[in-house]
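There are 2 protein chains.
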Amino acid sequence: MARLRASMSARAKAIEGMIDRLIPRVEGGEARLIDAMRYATLGGGKRLRGYLVAEVASLFKVAAGGADRVAASVEMLHAYSLVHDDLPAMDDDDLRRGQPSTHKKFDEATAILAGDALQTMSFDILANPLTHGSAEVRINLVRALADASGAAGMVGGQMIDMEGEGRALSLEEVARLHALKTGCLIRYSAEAGAILGQASEDVRSRISAYGRDLGAAFQIADDVLDATASAEELGKTAGKDEAAGKSTYVALLGVEGAAKEARRVAEQALSHIDIFGPEADRLRDLVHYVVERRN
Amino acid sequence: MARLRASMSARAKAIEGMIDRLIPRVEGGEARLIDAMRYATLGGGKRLRGYLVAEVASLFKVAAGGADRVAASVEMLHAYSLVHDDLPAMDDDDLRRGQPSTHKKFDEATAILAGDALQTMSFDILANPLTHGSAEVRINLVRALADASGAAGMVGGQMIDMEGEGRALSLEEVARLHALKTGCLIRYSAEAGAILGQASEDVRSRISAYGRDLGAAFQIADDVLDATASAEELGKTAGKDEAAGKSTYVALLGVEGAAKEARRVAEQALSHIDIFGPEADRLRDLVHYVVERRN
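Residue numbers (the working numbering), protein chains in the order written: chain E, 242 to 536; chain H, 242 to 536.
In short, the hints are calculated from the structure, not lab data. Just so it is clear, the structure is predicted and the values come from calculations on it, not from any experiment. Any given hint might turn out to be false.
One copy or any two copies: either way a pair holds, since identical chains are not told apart in the list.
[Claimed, not checked] Using 20 Å as the maximum straight-line C-alpha spacing, the simulated SDA-like pairs for lysine to any residue come out as follows:
no.: 1; residue 1: LYS345; residue 2: ARG279
no.: 2; residue 1: LYS345; residue 2: GLY286
no.: 3; residue 1: LYS302; residue 2: HIS529
no.: 4; residue 1: LYS254; residue 2: ARG266
no.: 5; residue 1: LYS345; residue 2: LEU371
no.: 6; residue 1: LYS501; residue 2: ARG266
no.: 7; residue 1: LYS287; residue 2: ARG338
no.: 8; residue 1: LYS501; residue 2: LEU283
no.: 9; residue 1: LYS346; residue 2: PRO329
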């Protein structure tokens with residue numbers, strides 16, 4: 242796991258630097274908006290999604306500059322969803338990565354607008370010729386991100402999550418909720434690397450299946466963490482799911498059962514990338530990492 | 242003006258039909274999200290932005306199907322901005338086109354998510370091959386929309402607008418605020434028609450300048466309307482600008498002065514399209530319309 246942590250931390254630094262350059266500070270009335278966008282996207286995090294983009298892209302020898310831009314783009318998309326999710330009208334969360342969430346640090350209106358502008362920017366970055374020379378590749382990235390993050394993906398999942406609060410969901414419903422809410426964007430991150438690498442249809446769909454199962458394992462493990470870890474370990478409020486009356490894998494399967502399910506799905510993720518040699522070892526390490534992490 | 246109204250109303254109907262097909266109703270937990278997206282985008286409005294896309298595209302003999310998709314896309318983008326703008330943390334507006342605004346009809350969380358998903362969908366539609374056969378054209382549309390609507394465009398303008406509340410802005414500051422907040426998207430709408438039509442660089446920049454000045458004239462006229470029309474005429478709360486302590490053209494120039502400035506900018510808009518013959522007459526009528534309308 243040490244080699245993975247070193248690799249993730251180096252990549253997180255590169256992505257952080259890219260975001261810093263993509264959202265330069267400005268003067269004037271919009272300075273507050275830019276500051277909030279920077280606050281929401283800079284200053285850490287594991288950058289799992291960005292790492293996934295970059296690692297998959299490296300399988301296909303994609304230039305690091307383009308991959309880091311796509312990685313920064315998906316981290317901005319992810320950050321926008323967290324900023325809006327933390328709002329009082331949504332999950333009403335005051336803490337994010339151990340720091341005040343964006344609407345606490347700034348104000349609600351600024352947080353809404355910063356989230357909006359981060360979404361726009363994530364598409365803007367993909368569409369820019371600096372990301373890839375081919376308009377076809379760029380348009381495929383835009384389409385894949387829109388599919389993963391819109392009403393039929395992440396935002397649809399957030400809606401289902403809210404609708405499901407306070408009533409018991411079946412295991413199937415919980416799985417679908419998470420596949421949409423967090424799974425789609427993680428799957429996209431893997432797929433984006435394959436799109437950048439102009440991988441064949443078959444390889445792209447394997448990478449996509451890997452990403453889908455990695456995302457599912459990540460989410461099940463997240464439920465386990467929420468039920469077992471402390472706020473200090475998590476850097477956010479712990480036990481929120483239970484308090485909000487949300488149906489989770491842990492509520493349905495118990496802590497042990499959920500941990501076992503995470504390992505089963507993780508095995509499945511690994512099977513999709515068995516066509517690759519040692520060059521995919523970090524993608525394999527990542528699968529182990531998401532089910533074993535403590536924060 | 243009668244021929245323009247007939248043309249706008251026919252086009253609005255086509256755009257309405259396109260939006261209806263692009264956001265089909267669904268079952269399940271996300272039904273509420275889709276219903277809110279439909280509520281925010283269907284059921285009327287002048288469709289000024291969509292009309293502009295379609296009219297400019299028709300100058301270049303673009304197929305109506307593609308133009309209507311781009312028109313629907315910009316109307317969705319516009320609708321998302323209104324949904325978020327009406328939220329309690331922002332302008333806190335209960336009425337929109339004479340109907341309850343989206344967060345009043347549904348709830349705040351649903352309105353936030355519906356706005357988010359509408360933004361995503363507006364990019365998704367542009368990127369889809371049904372919009373145009375050329376990936377280059379589609380990527381140019383995505384880039385132009387992202388430029389117009391993000392932190393350096395519409396959302397930046399919304400931030401400046403909020404920052405400026407309660408303090409006196411100069412005429413120059415007010416002009417910049419509006420150029421960003423509403424002008425960019427109107428300019429984009431004209432430009433999108435030229436992008437779809439694969440117009441030359443020179444023609445595209447004339448169309449863009451036309452759109453910019455049309456948007457400015459529209460906004461100045463809007464300030465005049467807000468100060469002089471009734472809520473019944475407007476279909477929204479009247480006199481909000483003054484109540485919110487916002488600096489407007491009317492506050493700076495008086496009602497007569499602002500009306501005169503609108504006419505001056507309108508003349509400027511017309512000059513940019515003097516290279517076209519009678520085929521651009523509806524674009525000319527539109528300029529007169531935006532400064533003369535009563536709602």
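Going through the hints against the structure:
For the identical chains of this complex, LYS345 and ARG279 are intra-copy neighbours only, at 15 Å inside a copy versus 31 Å across copies, given an alpha-carbon limit of 20 Å. For a Cα distance limit of 20 Å, the shortest separation of LYS345 from GLY286 inside one copy, 19 Å, qualifies, whereas the shortest one across copies, 36 Å, does not. For a Cα distance limit of 20 Å, the shortest separation of LYS302 from HIS529 qualifies neither inside one copy, at 24 Å, nor across copies, at 56 Å. For the homomeric pair LYS254 and ARG266, the shortest alpha-carbon distance inside one copy (19 Å) is at most 20 Å, but the shortest distance between copies (43 Å) is not.
In this assembly of identical chains, LYS345 and LEU371 lie within 20 Å of each other by CA distance neither inside one copy nor across copies; the values are 35 Å within and 43 Å between. Within a single copy, LYS501 and ARG266 get their C-alpha atoms no closer than 46 Å, and across copies no closer than 37 Å, so neither meets the 20 Å cut-off. Taking CA atoms no more than 20 Å apart as the test, LYS287 paired with ARG338 passes inside one copy only; the shortest distance there is 10 Å, against 45 Å between copies. Within a single copy, LYS501 and LEU283 get their C-alpha atoms no closer than 34 Å, and across copies no closer than 47 Å, so neither meets the 20 Å cut-off.
For the identical chains of this complex, LYS346 and PRO329 are neighbours both inside a copy (13 Å) and across copies (19 Å), given an alpha-carbon limit of 20 Å.
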